[in-house]
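Chemist: In case you want the letters, here they are:
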Amino acid sequence: MASMIYYNVDGGFLEAIARGFRSGILTAADYANLQQCDTVDDMKLQLQGTDYGNFLQSEPSPISTNTIAMKCTEKLVEEFNHMKVQAVEPLATFMEYVTYGYMIDNLMLIITGALHDRDTNELMAKCHPLGLFDGLSAASIPNTAKDLYEMVLVETPIGPYFVNVLNLWRSPQVGERQPGVEDLDELNIEIIRNSLYKAYLQDFYQFCMSECGDETAEIMGGILSLEADRRAINITINAFDTELSRDDKVKLYPTIGHLHPEGTARLALATDLDGVRAALDPYADYRNVLAEQGLGEEKSVENAFYELEVALNKDAFEQQFHFGLFWAYVKLREQEIRNIVWIAECIQQDQRHQIAQYINIF
Amino acid sequence: MGTIFQSEKMQLVQMIVQNDAAHAVVEAFGESGLIEFRDLNAGQPFYKRAFTEEVKHCEETGRKLKALKEALDESGVPVADATGELISSEELTQILDDKENELEHMTTQELVLLKNHNALREQQYVLDLGGKIYAAQAPGSSVSEIAKGELEITDFSSSTATTMLSYIAGVMPRMSMQSFQRVVFRSTRGNAIVNSAPIDEVLYDYDLKTHEKHEVEKDFFMIFVAGEMLKSKISKIATYFGGTLYAYPDMAADKAQMTAEVNKRLEESAEILRTTAEMKKTMLVEVGKHYGTWNFILSKEKMIYDTYNKFDYDVRRKVFVADAWVPSKDVYEVWRVLSLATAKAGVETKPVLNLIETKATPPTYLPINKFCAGFQALVNTYGTPRYREVNAGAFAVILFPFLFGIMFGDFGHGTLLMLFGAYMIRYEASFEGKKLDDLVEMCYGGRYVIFLNGCFGMYIGLLYNEIFACPMGIWGSKFNWEKDVMEWENGPVIFGIDPAWHHATNNISFFNSYKMKISIIVGVLQMTFGIFLSLVNHLEYKNYKKVFFQFIPELGFFGSIFGYLVFLIFYKWSINWVGIGKPAPSLLTTLINMFMSPGAVALPENDELRLFDAQANIEQALILVALVCVPLLLFPIPFLEKWEHEAAAKKKEAYKQMIDEGDEGAKEAGAHDEDDEHEFSFGDVFVHQAIHTIEFVLGSISNTASYLRLWALSLAHSQLSELFWDDIMVMGALGVAPGNPVMTWVAVIMWVCISFMVLMVMENLSSFLHALRLQWVEFQGKFYMGDGIRFVPFDFKTIGQDLSD
Chain A
19 MASMIYYNVD
29 GGFLEAIARG
39 FRSGILTAAD
49 YANLQQCDTV
59 DDMKLQLQGT
69 DYGNFLQSEP
79 SPISTNTIAM
89 KCTEKLVEEF
99 NHMKVQAVEP
109 LATFMEYVTY
119 GYMIDNLMLI
129 ITGALHDRDT
139 NELMAKCHPL
149 GLFDGLSAAS
159 IPNTAKDLYE
169 MVLVETPIGP
179 YFVNVLNLWR
189 SPQVGERQPG
199 VEDLDELNIE
209 IIRNSLYKAY
219 LQDFYQFCMS
229 ECGDETAEIM
239 GGILSLEADR
249 RAINITINAF
259 DTELSRDDKV
269 KLYPTIGHLH
279 PEGTARLALA
289 TDLDGVRAAL
299 DPYADYRNVL
309 AEQGLGEEKS
319 VENAFYELEV
329 ALNKDAFEQQ
339 FHFGLFWAYV
349 KLREQEIRNI
359 VWIAECIQQD
369 QRHQIAQYIN
379 IF
Chain B
61 MGTIFQSEKM
71 QLVQMIVQND
81 AAHAVVEAFG
91 ESGLIEFRDL
101 NAGQPFYKRA
111 FTEEVKHCEE
121 TGRKLKALKE
131 ALDESGVPVA
141 DATGELISSE
151 ELTQILDDKE
161 NELEHMTTQE
171 LVLLKNHNAL
181 REQQYVLDLG
191 GKIYAAQAPG
201 SSVSEIAKGE
211 LEITDFSSST
221 ATTMLSYIAG
231 VMPRMSMQSF
241 QRVVFRSTRG
251 NAIVNSAPID
261 EVLYDYDLKT
271 HEKHEVEKDF
281 FMIFVAGEML
291 KSKISKIATY
301 FGGTLYAYPD
311 MAADKAQMTA
321 EVNKRLEESA
331 EILRTTAEMK
341 KTMLVEVGKH
351 YGTWNFILSK
361 EKMIYDTYNK
371 FDYDVRRKVF
381 VADAWVPSKD
391 VYEVWRVLSL
401 ATAKAGVETK
411 PVLNLIETKA
421 TPPTYLPINK
431 FCAGFQALVN
441 TYGTPRYREV
451 NAGAFAVILF
461 PFLFGIMFGD
471 FGHGTLLMLF
481 GAYMIRYEAS
491 FEGKKLDDLV
501 EMCYGGRYVI
511 FLNGCFGMYI
521 GLLYNEIFAC
531 PMGIWGSKFN
541 WEKDVMEWEN
551 GPVIFGIDPA
561 WHHATNNISF
571 FNSYKMKISI
581 IVGVLQMTFG
591 IFLSLVNHLE
601 YKNYKKVFFQ
611 FIPELGFFGS
621 IFGYLVFLIF
631 YKWSINWVGI
641 GKPAPSLLTT
651 LINMFMSPGA
661 VALPENDELR
671 LFDAQANIEQ
681 ALILVALVCV
691 PLLLFPIPFL
701 EKWEHEAAAK
711 KKEAYKQMID
721 EGDEGAKEAG
731 AHDEDDEHEF
741 SFGDVFVHQA
751 IHTIEFVLGS
761 ISNTASYLRL
771 WALSLAHSQL
781 SELFWDDIMV
791 MGALGVAPGN
801 PVMTWVAVIM
811 WVCISFMVLM
821 VMENLSSFLH
831 ALRLQWVEFQ
841 GKFYMGDGIR
851 FVPFDFKTIG
861 QDLSD
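Protein sequence lines, in the order shown, are assigned to chains A and B. One point on numbering: in my numbering, the residue at position 129 of the first sequence is 147, and numbering is uninterrupted. One point on numbering: in my numbering, the residue at position 708 of the second sequence is 768, and numbering is uninterrupted.
With the rest of the complex left out, here is chain B:
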């Protein structure tokens, strides 16, 4: 029986299946998601296992798929989800190989074209920018623009004749321009004129080997030097600095021709580029359609091989052995899946399914619906429940929001929180399965927690009778303003606190006393409940010595001190102290006196401290119970365990003697049994129990005190909201300039913003945190072990959500 209260009963099964059916069987189990395979090769490094090659092959194929995905993302092609399409993994490998080659080919081609295009652009810039510089620098530049055409020949002759001045033109990344210029200066000893001009357009550098494309800002340069030697030297330097040299014709006619040529080729290359890009896009769109399916099939294949690696193979008999954990109720279902799968695979030999008795701890499998999931996640953060242990998550569903509500008790704030939770529940579909950012993800995961927190905030807010710090007169008030007294002839208000208290001068001391007591009552009740849950655990594990020597003494100790305190609180509430004309005794003093001077309340001089007549006797009896419980908790368990251990050892000794006379086979079985036994040390057990005792005794006091945080947080919340209401809303709207609409608006907006930030966000978080602490430490500390291992069934449905835990 598995419920939210207790994890499912698990059964270890062993399957023996023929190798030929392996794929079909594993696939069938992956579809059904029923079982968790145990790793039978644990301790063996991954690369030593039987199917390492296949897994690596899958990874290699996965890498290709990833490369395709990158290309898809880059070009912004949409990716389709998995369809039911069936392709075998061999086919898929083939397809991916083809697609990768195709893509590679296309990318290379595109890059070559792009590089070419880029070079043409650069050449264009060289011609363009070079014209200006050349005109300014070269000999004959003094000739005016208009006359230039006629003087071409003179130009040429003068340049060759005068100084043998030659020049180099090209482009260079702007980053290296500076150092390039300096090196040129130094290597020519200043005999070079370097001209440069920035190119505004962003140009690219292409690496054909790695298929990378970098945006580079480049400069145009033109260097005039004398002599061929220097020219070749500078050309070399320029290439080492990442520059590219381009031709720049001397003569205007050549230049015009070249410009035209470059422009023409640019147009052509742009056209070719466009067609190539279109082809690539078409191909990628095709890939995009199938991507989801391919990814699913590949991940599935990899999961199957990973599972294979957990199996044990019998080479001689050509079978594999697999161990798996199965929920007991599903064993039949597993058998059905197994036989169907083997039948489908066409294997004649029937598979074998053995149920195995084991001492190994089964994994914890809790059937969780989405409502409980958020609460269970809170508990699992502390620790996954031990196998068959009482699941603290089940109680967190109500207790956690309740504790939260006590601290966040305001009808208005509660409603807002509830609406926020309800919104996320209502629009679940639009959040589900999407990649959300961290904060939204967190809120979405805890949407039911938020919703219930809001509901309980509303409920407690009604009890406190507070909505945004204002009392509500739903059931009216029993306070008579004229007479200035409470009129209780017809009983108090039917629900919650009388709104008149909120206006009383002693409202703080009233609420403090009330909330403090409520905190203690809630705390003691919850912890007592926790102690009772430990009884359920002891019974489940059939640990009866813990029932008598752990549960009973704990309950006795806790009940006789804090149970009594709760009784006193109710008793004190139920007496009309004014009516009987006696000052109400302080409970704190009463409790302290109970220990410091037991029985002293019976004395006549302590008349005023006495709550009821038999108090002294009852207190003495309770102290006695508490004192007896401590040694009862401390001593018996270690001695009982020692005794049990010795008995077991004696039995084993006898058994061993018997085997020594018997055959070898039994000896093996006996040796096998010892695996799980560990050294028994009385000292360890005793120290452990002593720690537990001290922790419980001291803890019961500090834990009870710890519940006072309910009061403190609740006080802070109501005081803050009251402050904001009185000092911002009321003061702003009525105080400074009564009835001024602008001021009123300012006040409202300020009040809304501050209330939201401080109360809805900060207070909300701190209440959440404190409720979580009470749940984890004070409540779960009483019974919860939380050292289980989660059941992770082998299930193809987990594909695609690997990242989220």
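So here's chain A without its partners, still in its complex pose:
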């Protein structure tokens, strides 16, 4: 109730802007037109008729899909920052939280790249612009998790989450690994990524529940639960045939979401895809996610989750007086960029039979 009275004082203007941006999201008709294009350059013309406007005007043809993705992301970032700089607390903090996920991804990108001796500047160019933070590039120097924390992460927003990661190693029972062995190898990076995400999601969830009002709690609760469940399922699937033990997995599962605690407990026991299916069976939403896919078609699991996510994010716009729509807007735009890139790739590589596999938004 209170939010109905006061929300518009601080949030009304930005909500209006976000809704305005939302109406610029491509519709089914736009996608139908995009699919008709013969070349990526035609897509440029087609996109000119949408809210994207002349964003590709000064690019020499032929245009690569990378350029399109980059320019689209640029536009999203510009819009997001436009809203972020005008946001008032607690929305400002909420929008900061939105960027933390990208920070984690970027950090992981840099660390993994450093592990494979890739050029850091090249990697920096691939980072998502929403998740850039001071010292990100220096993350490629340290060799151990502790160094990483002490040198780079301690003063970044995701630093506190990293403490959880360090705690993982402090307890001697983790796997067969020796305590204190914290080299940044492939498996450890995955563990770091997932525990960072776990800490992030839980913190964000907590923030939404306590600081942002009932409506935000309701909407974001649903969205973050899905996010947490997706991670839990992914961890389970990716942990097949690795040395990660059951207890390790349990440690990585987020403690929020619909699956927690019964579902995750059952997931932890699963050792193959059938086990996961059995574990997910009681959950109507997720039952179909793994229904007919083999392990090889991981892409489709991903798509199934994207579809669930899009549906939830769309619903966020049906309600007023909450912050969820800012999150939803960013995610929907991201999905849209994925769609555009997918269509562009299909056109460029002449894989037209797969072109329809994008996820329609509006």
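Quick caveat, the hints were computed from the structure, so don't treat them as lab data. Hints may contain errors.
Straight-line alpha carbon distances no greater than 30 Å define the calculated DSSO-like cross-link-like pairs of lysine-lysine that follow [stated by the list, open to error]:
hint, chain 1, residue 1, chain 2, residue 2
1, B, K324, B, K349
2, B, K341, B, K378
3, A, K93, B, K404
4, A, K93, B, K129
5, B, K116, B, K419
6, B, K293, A, K164
7, B, K362, A, K89
8, B, K175, A, K144
9, B, K273, A, K144
10, B, K362, A, K93
11, B, K642, A, K89
12, B, K410, B, K857
13, A, K93, B, K192
14, B, K116, A, K93
15, B, K370, B, K341
16, A, K144, A, K89
17, B, K192, A, K89
18, A, K332, A, K93
19, B, K273, A, K93
20, A, K102, A, K144
21, B, K175, B, K192
22, A, K89, B, K857
23, B, K370, B, K116
24, B, K273, B, K129
25, B, K857, A, K102
26, B, K410, B, K362
Since the structure of chain A is already known, use the hints to place chain B on it.
Modeler: Chain B only, in chain A's frame:
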């Protein structure tokens, strides 16, 4: 016949021309600017059309041209206008390709040189600033400056021997300096000494890929650490933070040598830079000379291809078909242009030009000169006139300034406004074709509107006899001050209002009554005129049922109530009520009584309310007329339309039967006819007519009342100017300290400023707005449809003015 009153008659023509002549024909029409091509591929997306590739090619070339333009703007090279120079588009593409490559090459080269130069500058700073810090930090710093030269060797040995202390020097963007220092501190666990010093000069970051150049404020830093491991780690960190490392020699001799070397190379690089910049400038100046021409040719080419995309192509016969709207009077001219162009292109087959009968609505083409353009723009904002409809813009030319003048009636203010308009008209040449800012642009576009507004303000000001709120005694006054009476033996003053009224104690009630009545008279006349204009429209569209059942009832209703009111006003003015010793009856009461108790004025007890003898009978008759007119307006038209529709349907039925027996070809023709027919619904038509009736009947009352804004605004204007005159000018100059020159000056300046801001700006705008509303709603509402489509001829002259509508 096309005039300002009515749009030009248009003819749809179809051209069939051989493909080879296409370019010549389209170009010729672009030069002549006579016709508007119809899009024969409407509904087909752009990229599916025949000439998409060519248009895209033009756009690509345009992008190159734009890049050149950016370079021109950046270096401040002037851009020449288009000359008549002729280059084919292929040549142009080639030239632009070359120029772009050349420019790209030069820019890259320049950037490499600049980057190098910048690096040298940074090295210089490192040497310079490093000297101070090194002297303060490095071992042996306690040795005094003078003794330093001798102790070089000791220095060296001590530094290697003591702690293996090594150092790193470089520059780093000031933005990342802070976090860099913290990361260094954390990664070495505090075992590093970081020294930094700001560099005052603005240095640059160059991106060779994107050709971008950023100004960056940078800091010099010098870090002392122990051990090679840490040194390499810090070097890595420094590069990740965007820093650049530079050499700093240990020994003073090396350092002096290096400084000299750097200085020498700096000089060299500055010299090379200058030559490169000159070369680039020379090249850009050359480009600048041609830019206008190239831009024109390119835009022209793009327009031609865009036009191609509207054509229909017959691949087998190698001809294209184009439909176009042409003003009927120019059909012959079009034929001439067409045959000349095909002849010039050397095509043997003669082109075909068909005149096509069509039901499609032709575009509205009004020949407008620059005088009418401003007024027409006001009307077009409401709606472009329907094809062949009476153009409201023609009447706006005088009626709009007239309404404005009634509200802005002051000779002085009018003169100022007129002079402002006249100034812009006089110096048209210096405004024309330039990029003006919004406000100036608006004033310039409406310069003739402003000029006429000013003129009418002057005229009405003379009638009101007011100049800056003061009366003018040009024709003298008939008021006799001594006897305190008006002396009208020789008639009233010959023009305008007697100046004596301005000093009368009852001047407000006099002016109110006068202006109110004038407003009603002007309003009723203008609206009646509007109703007559609707007659012209009905006749033009040959809609005779609307003449009898819309125009006549409207006129009857309006005339019998408001026409009568105007008559009463004049009648009341013409009687000397004091002379006949009777109180003047209120017109408002008269009009109300006419409806509330018709005929009651004839009663003896209402003697005082009666204006003239036959009043009761005339009023009863007029009410009857008005009442009859309402159903006459409401009912006949829907029923007539229904009847017409049924008749047409019957006819069609008969026709269909005939075709069914006849051949297939006729069937096609019949089917074609049905395209424009839409469902007839009696309910819709009736509701529509009912709305129109209600709107007209209620509107006639509210619209007449709406004209009272003329009085209100005029009153506000004269009262405000009088207030400013009396309370600022007169009070300031004479009231507080009579004859004090300083006070007088202050008063004059205040009066001028306030008069300008409030009267010349605010009042001016509000009068404009209200005049516009009266023009749009009250006047145009009576006859104007305003749902036409503007005729946009295909004309190369529009190149370069795409932005302005």
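Chemist: State for each hint whether it applies.
Modeler: Verification of the supplied hints:
1. B:K324 x B:K349: Roughly 38 Å separates the two Cα atoms, so the pair is violated.
2. B:K341 x B:K378: 49 Å, violated
3. A:K93 x B:K404: Answer violated: K93 of chain A to K404 of chain B is near 51 Å, above 30 Å.
4. A:K93 x B:K129: At roughly 25 Å apart (the allowed maximum being 30 Å), K129 of chain B and K93 of chain A satisfy the hint.
5. B:K116 x B:K419: 35 Å, violated
6. B:K293 x A:K164: 16 Å, holds
7. B:K362 x A:K89: 26 Å, holds
8. B:K175 x A:K144: 25 Å, holds
9. B:K273 x A:K144: 21 Å, holds
10. B:K362 x A:K93: 29 Å, holds
11. B:K642 x A:K89: Given pair K642 of chain B, K89 of chain A is violated - Cα atoms ~86 Å apart, limit 30 Å.
12. B:K410 x B:K857: 28 Å, holds
13. A:K93 x B:K192: 47 Å, violated
14. B:K116 x A:K93: 24 Å, holds
15. B:K370 x B:K341: Given that 30 Å is the threshold and the Cα spacing comes to 42 Å, the pair is violated.
16. A:K144 x A:K89: 13 Å, holds
17. B:K192 x A:K89: The given pair, whose Cα atoms are some 47 Å apart, is violated under the 30 Å limit.
18. A:K332 x A:K93: 20 Å, holds
19. B:K273 x A:K93: Cα-Cα ~22 Å, so holds.
20. A:K102 x A:K144: 23 Å, holds
21. B:K175 x B:K192: At roughly 26 Å apart (the allowed maximum being 30 Å), K192 of chain B and K175 of chain B satisfy the hint.
22. A:K89 x B:K857: 36 Å, violated
23. B:K370 x B:K116: 16 Å, holds
24. B:K273 x B:K129: 18 Å, holds
25. B:K857 x A:K102: Measuring from Cα to Cα gives roughly 46 Å; hence the hint is violated.
26. B:K410 x B:K362: 27 Å, holds
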